Amino acid sequence: MLARRIARHGITLVAIVLLGGFLSALLVRLAPGFDADEAELDPHLNSESIQALRQARAEQHNILRFYLHSLEHAAHGDLGTSISLNQPVAALLRQRIPVTLRMAGMGLLLSWAAAMALALSAAWLRFQTYDTLATVISGTLLCIPAAVLALLSVLWNVPGAIAIALIVFPRDYRYARNLLAKAYSMPHIITARAKGLSEWRILLWHAVPVAAPQLLAVAGVTVSLALGAAIPVEALCGFAGVGQLAWQAALARDLPLLMNITILVTLVTLLANSSADVIGSLVRNQEV
Amino acid sequence: MSAGRRVACAVLLLVAGVSLAANWLAPGGYAKQYREATDAPPSRQHWLGTDEIGRDRFARVLYGTRISLLLAPAAALLSTLMAALIGGLAGYLGGVWARIAMAVTDLFLSLPWLFLLIMVRALMPLNVSPLFSIVVTFFMLGLLGWTSAARVLCASSATLKDSDFVRQARASGVRGARLFWIHVLPNLKPVLYAQFWVSIPVFILSEANLGILGLGVAEPMPSWGSLLKELEGLVSVGEEPWKFVPLALLIVVVTSFQLVLSNQEEVAV
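Those protein sequences? They're chains A and B, same order as listed.
Using the working numbering, read the first sequence as starting at 1 and increasing by one per residue.
Using the working numbering, read the second sequence as starting at 1001 and increasing by one per residue.
Simulated from the structure, these hints should not be mistaken for laboratory data.
Computed from a prediction, not measured in an experiment: that's the story for all the values here.
Cβ atoms here follow ideal geometry from the backbone N, Cα and C, with glycine treated the same way.
Any given hint could be a false lead.
[To be verified] Label pairs and their computed distance ranges (CB to CB): (1) B/K1189 with A/I50: 54 to 62 Å; (2) A/L2 with B/R1175: 14 to 22 Å; (3) B/R1170 with A/S121: 50 to 58 Å; (4) A/T140 with B/L1131: 27 to 35 Å; (5) A/R54 with B/S1262: 31 to 39 Å; (6) B/R1170 with A/N285: 36 to 44 Å; (7) A/W205 with B/K1189: 28 to 36 Å; (8) B/E1239 with A/G238: 20 to 28 Å; (9) B/F1165 with A/H73: 52 to 60 Å; (10) A/T140 with B/A1031: 13 to 21 Å; (11) B/A1031 with A/I6: 33 to 41 Å.
[Stated by the list, open to error] Reference listing, derived: stretches of chain B covered by chain A, where coverage requires no fewer than 3 residues with Cβ under 8 Å from a Cβ of chain A: (12) 1009 to 1015; (13) 1110 to 1116; (14) 1182 to 1194; (15) 1233 to 1239.
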C-alpha cells in the first residue's frame, strides 16, 4: 500500500518536473527579444565571431530538440552553460544551493518553532487576550509584502533567515492554531478534561497526535513558501543564493539557467509535499 | 455584521473614496516635478514631502492607491472566471479532462507564487509604456492566479455533477453546455464569490512585491509597489518616517480586506 503510494508520488513528481522544465524553456523561447544578444554589439567582435554567437543561439531555436538535448546532457551531469554569467550551470547551482538551503531551512525552523510555541500556548492557556494578540501579530505580518520585510531586514541589519521566518510565520501560525483549536474541540478531549487529566497530558497525548498528520502536510507546503520568500530576501539583501540566481536568470532571459532552476525548485517543492504526505499517512496508519 | 467588519468596510470605502477624488485633492498630478523641492520633508504644499525627483508623494500615494484598488479586483475577476471555466468544466467533464486540468494546476502550484510571477513578468517586455505596464502586471496576476481556485471548483463541480438535481435535469433531457451553464455553474457561485474577494488582497500584495523588485508598474505611473521601492534607500526608520505612509496604508487596506473576508476564506478553501 505504502510502496504503491510512494511509486504514484514518484511518477507524478517526475512528470510534473519534466513538464515544468519544458514549459519554462517554452516561455523563455516565446518571450519577446529572445534572439537579441547584446554581445553582438561589441565592436571588438569580427563577423566570424558574431556568426559563431548566432550559431550557438540557433541551437536553441527548436525548443523540443533543445529540451531533449538538455535532458540527455543532464543525465550525464552536464546542465549546460549560463548565457548571462558564462559559467557552467552545475557549478553555479553547487555554489548557490547551500546558501539558500541554509537560509530557507533556518527560516522555516524558526518560523515553525515560533508558530508552534504560540499556537500550543494559545491552545493550552485558552486566554482570549493572548490568542487575540498572537492573531493580530500574525495578521499584521501577513499584510506586509515579503519584499518589504526583506528591505526592513536590511535596514535593521537582521539575518536573512529571520526575514524568511517572518514571511512564513503568519501562515504557519494560522494553520497550527486552527488545527489545534479544532483538535481541542473534539469530544474525546472534552471527555479527557472532564475526567480531570492534566492540560499537559491532554496536549501531548490527545491534541497533538490528532493534528499531527495535517500539520505535517502544512509543513510540506511551507517549503514552497520559504523558497518563494528566499527570492526577495536574496535579491534585495544581496545573498548569493538560488533565489538571487533565479532573479538574475529571469531578467537576463538565461534559458539554460532558468530551466534548471525551475526544475530544481519544482523538484524540491514536490519532494517536500510528497514526503509530508507519505509521513502523514504513516502517522495516520499508526494511530489506527 | 460584527463591529470590526463594519469598521473595516468603512475604512475601505474611505480609502477608495479618497483615492477616487485624487484629481481634486492633488490637482498637480502624480508626475509633476517640483524641481526646487526634491526629496523634501512634509510641508504645507507637500503633505508627505516629495520624492528624489521632486514629485509630490501625497499625490502619488492617492493615484497609486487608485490603481491598485481598481485593478486588483479586475485581476481577481479574470482569475475567478478562468478558475470557473477551467476548474468547473474539468470537474463537470471528469475523466481525462479533469486529470489534465489538475496536472497543469499541480504544476503551477508546485512553483512558489513569487517565483512564477517573476519568471513570467521578466519574460514580457520590460520597456513598455507605463499604461501598458499596468495592464501587463495585473493581467498576468489574473492569468496566473486561478490555479488554487480551480482545484476547489473542480472538486465542487464534480460533487455537483452527481447531485440529485443534476441527475434529474439530465433525466429530463438537459445535456452538455446547457446543463453546465444553467445547473452547475450557478451553484458554484458561493465558492466563486469567495475566491474573487480572497484574491484581491493577494494580488495587491503581489503587485507590491513585483514593484519593489522592479518588475511592476513602470515609472512615472505610481503603484504601491513603486512607492514602497523608496524604502530601499533608507538608512534608518526614524530618519524619514513619512516614507512609511504608503506601507502603513497598504497594511491598513489589506488588514481591512482580511477582516471583511474572514468568513469568505473558509468557503474558498
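> Which of the listed hints are broken here?
Replying inline: 2, 5, 7, 10, 11, 12 and 14
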